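Residue-level listing of the chains:
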Amino acid sequence: MTFSPQLEQRFTKMLASYPPGRERSAVVPMLIYAQDEVGAITPELIEEVARRCGIHPLQVDEVVGYYSMLHRQPLGKYHVQVCTNVSCLLVGGTELYEHAKKKLGIGHKEVTADGQFSLEEVECMGACSWAPAVEINYDFHHFVTPEKLDQLIDGLKKAH
Amino acid sequence: MAETVKLTIDGRAVEAEKGTLIIEAARQAGIEIPSFCYYEGLKLQAACRMCLVEVEKTPKLQVGCTLPVAEGMVVHTDSELVKSARKGMLEFLLTNHPLDCPVCDKGGECELQDMVFRYGAGESRFTERKVHTDEQQWSPVVYFDAPRCILCYRCVRICDEGMGVNALGVGNRGVIAAIVPNHHDHLECDECGMCIDICPVGALTSGTYRYQTRPWEMDHVGTICTHCADGCRTTLGVRNGRIIRGNNRDRSGINGEFLCVKGRYAFDFTEHPDRLLSPMLRTENGYEPVSWAKALELVANKFGAVKARNGKLGIIGSNHTTNEENFFLAKLARQGLGTRNIDHHRTGDLTTFFDALSGRNDALATTAELYSAKAVLVVGADLSQQHPLLAFQVRSDVRHHGAHVYTVTRGPVREDHQAAAGVRVEQGGELAGVESLRDRLKSEGNLVIAFGDSIQGESLRKLIAFGDSLGIPVKYVCLVDYSNSRGAFDMGLIPREGGLSREQMLAATDLDVLWVVGSNPLKTAALSSTNAFVVVQDLFMTETARQADLVLPAASAYEKSGTVTNVCGEVQKLKQAIKVMGAKTDLEIFGLIAKEMGLDLGIWLPDKVFEEIRRTVHGYNVPMPVIAAGGAAATAPLNGRVAALPGAIESAGDTLFTSGSLSRYSKLLNSVMEAPGGLYGNQGPGDRGQGPGAGGRS
Amino acid sequence: MLYNEPSPLETRVVSKRFGLPNSASLDTYLATDGFKAFLKAREMTPEQIIDEVKASALRGRGGAGFPTGLKWSFVPRNSPKPRVIVINADESEPGTCKDRLLIEYDPHQLIEGILIAGLAVDAHRGYIYIRGEYRYLIEHMNAALAEAYSRGYLGKNIAGTGFDFDLYTHSGAGAYECGEETALLDSLEGKRGIPRMKPPFPAVAGAWGLPTLLNNVETFSAAPAIIRDGGAAFAALGTPKNGGTRLVCISGHVNKPGVYELPLGFPMMKAINEVAGGMRDGRKLKAVVPGGSSCPLLRADECDILMDYDTLAKIGSMLGSGGMVVLDETTDMVKFALRIMRFYAHESCGWCIPCREGTTWLRKILTRFDEGGGRREDIALLGELSRNMLGRTFCALGDAAAMPTISIVDKFADDFVKRLAPEAVTA
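Protein chains in written order, with the numbering used here: chain A, 1 to 160; chain B, 1001 to 1698; chain C, 2001 to 2427.
Honestly, the hints are just simulated from the structure, not real lab data. Values in this document were obtained by computation on a predicted structure and should not be read as measured data.
Computed from the model, here is a short list of chain B residues facing chain A with C-beta under 7 Å:
(1) Val1170
(2) Gly1171
(3) Asn1182
No residue lacks a Cβ here, since even glycine has one placed at the ideal position from N, Cα and C.
So that you can see chain A by itself, here it is in the shape it has in the complex (with noise of 0.2 Å):
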């Protein structure tokens, strides 16, 4: 299984980052950086890391399912991510992931059926003094209302 050159390019400097010996260390790194390309974690993918790490599979299987960020089934193009926890729980961000869901017309985890979205109820996120927070794959939005989070969503979805 190969990467993108960029991708494979910045595997290799991983694994040189870290004491001989230890290559196991790029486990996680390489999990969500290999994500964003693949899609998702597939047990091929799982391989491939396994023996680039000189690791079991069992051991690269253990990992994925600790941790929020890594899964199984691809999402959306755009996986909208709100948050509902206690800084932005304050401020309207529980209505906004209700308004979130309605927009999508999709649930927790679930992916819109052309593909292009999805939506998680998300922990927080490190915005909450600039609450409520929504982060898009990996870009932060803060103060987001309900209208706000409409143009955000129509603004991608015109993109296409």
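Since chain A is already given, all that's left is putting chains B and C on it; use the hints.
For chains B and C alone, kept in the frame of chain A given last:
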């Protein structure tokens, strides 16, 4: 004398060695601190929190399984706070643990049941929905029920640390965390069942045992496994005359609770439908059952006639009959039938071994010494496949004592994971490989060398000379196969004083009688003599039996008493677990044949024969109390020079999943047979002439 | 661009470059006293550096508040094994959003702080463990590292001083527990983020079994100022034994939520009313989460206090991670308690029985309560079960779940009584 520490536990003054964990110090003082995840010999986890105790002058409850004793420490294991903490832990555990007791195999021997009775509350306050996932089957043997699992991680640790297989992991996070198998939805492993037996609850259950009985409905009989030469105690659960399960959870025997798949599960050959249940006589219409009376008469007449005219008899004895049976057969052969043509499938060069070590009984390693040695050298053997208990001892020695293990083998073996050095050699290059380790070996405190059949004759003498030249104490294990090869040798099933070897018997065109006991030589060799009267004693119609004129149904090791000698020369007692109608023990058959022939060779009861063995067989003067109590007594067989014997020496080539003919009739073993196992086992057609699953050479 | 307006009441030490154009560039850093502290530290002995940090009374800014100088002194410099520095940028404590800013606006300050720590414990290798959600900051930090390397401020012979140091980023993938020191180390080693038994402590055997110094981003970021201006000067900004300033993340029902750098000992009500612009819509204060959701909550009448580690500890709470969440009278404490417990149940690593089973059970009770099925005995049960977890779990996550819950049930029982199921009210 190790440094000790004085402390107080529940008002009692306790003195313990420095470094002792509180839970152990309490146990020594007769105080039980409950735990699930703490398990002697495995890494500490501190995960279950059952062992929390009060230690004065500390603000929080302390973990009894990780805290070492300290001078002046005052511990309370029975205060109200500790009691309520235990109740709370069990209440938490029971929120998702299903009330499966009525249908769970573990009921009656479940540690959670015991704990809840002793330390739990009468009621649970949990009124929400439990987390549920369905039961999974991971192999023909292993079933996993996640809701029942309490995540004590014993199974993961025993598979990783204990067995070196690493087939189990932990997946997911939080309340849905669960044990996961190494191939996503199934296991590819040794199928040893250690995980099942170490599980304190019914999360891991056995596919062969499930739903059949309750533990208190069985009689538990501790006997010796009949498969390989390691001599593990297997405690067979018997109900209504059937063996329902085998394990060794009571940790009796030289193996503690270790058992491999064969010792634990491969008892089902005893009730295979093809079991011979009556003597079978060859007629023009094939084999027909005849009575024992008729069969014995026929044998006695034939043997007597051949003996009378000084004909040639050949006897091939068994590698898994008892010492008593072997002793009696040897006597019957030499005294009764006047023949020296007696042999068995020799799987290790004990002749040269005993000769080269003449008089040096302290040079023989016991099973326990493989756990205490400072260094172990394995030459030409795949211990995990052929001698799983020895492999377990060595692995534990490395883990617990930091011992060094060295391998000199044809290819990678499991010991390599822990090995200080692993040397790959071609067949015949073993000694050169051993020599290359000289500098490292001679710096060890002591050494045990275990070697396979590629070391024999001259190379064996050279190996011992090598050991002697290191200048450190060295002990040896001559690896042999099958459950009583040592006993076959020690009791004299060997062609001494000019007798014919196995090969020679089969090649003799003038052989008049071939008597094969519990062996299958005609699977791979041809009988040259066309006129020989062939008598075979066995459990099944093997290839050899199918060439017999008369087949006598024999009992298996689980159906008789007696003693066997393991690969390290330790004698242990068999205890009869069941009886199979129609079959007779080999000893009884020998006795009846002798009687029929009018010979007086003594009483053929195992106890009586063993008394005679103790008196007359060198090195077998072992203490009776040890044997009677189910212990293992080391023999001291070295008694001066031993003359060379004719005939070949060749390992059985068995693996974890094969055991000569027996394994072919174990449905369980055949159901879990995985890739052809092991480096020195039968790899496939062309390799030592067998096919996968075809079993060993006899 | 800053995410919120700064406040004139701030004392900007670690945030002094926030808002400067190109604040993250090396040139900006060098032009504003950057790397001067490192050069000064290079002339000091490790003991002197550590003494200076001890004098500063700097305490861990990640949440535990352990005295930093003391922690640095635990790392055995004479160990035959090489020492390693690990920077905890896993920032996942609800209410906390400060380390993000330090990486975004002043990555070189962090680098310099790490180098100073390297000098103090004779370490030459460091890993910045950044939570997976902060992907843009991983790339941003990588760019800063590349810049530092290219200009000789990382790698071999740093700034010509003969000191070598290699620094890398390492991505997490979504797990709050990985902010726990030892769980972070397991995650760094490529495993599940399960915490480890202590002893051995990371200082002795941490990442890959090597002596490891592990601190929060903000803790390292304070080191340059401490060395440059002296520990005493830093200490003087705060209160005795609680030296310096810290980034306070004010969020919730205030008019001007934001991240503000305030001296230790700043009055809490002043922070709410003046720094954060007071309660929004003129509502009344009901409760405050002083330092991240793991802290016991304070009732409004308990908030007239100075914000430092010892004062908060004395009243039974914690200064924690600096995530100060302000709740007004409209807040439904049942919903609040539920959301907190949903978080801990989701993030529990599952290793030990009380946290794994306890957080889920508590979450289920609170869910049932919130959905209208609350029974009178549930109120006491919530407190009791939390107390069965407190102090008995393998790591502090169990305590983090128990403490706020106990405080809510004890101090805001009325909210629960008001939400009892109809049949329970008449019972």
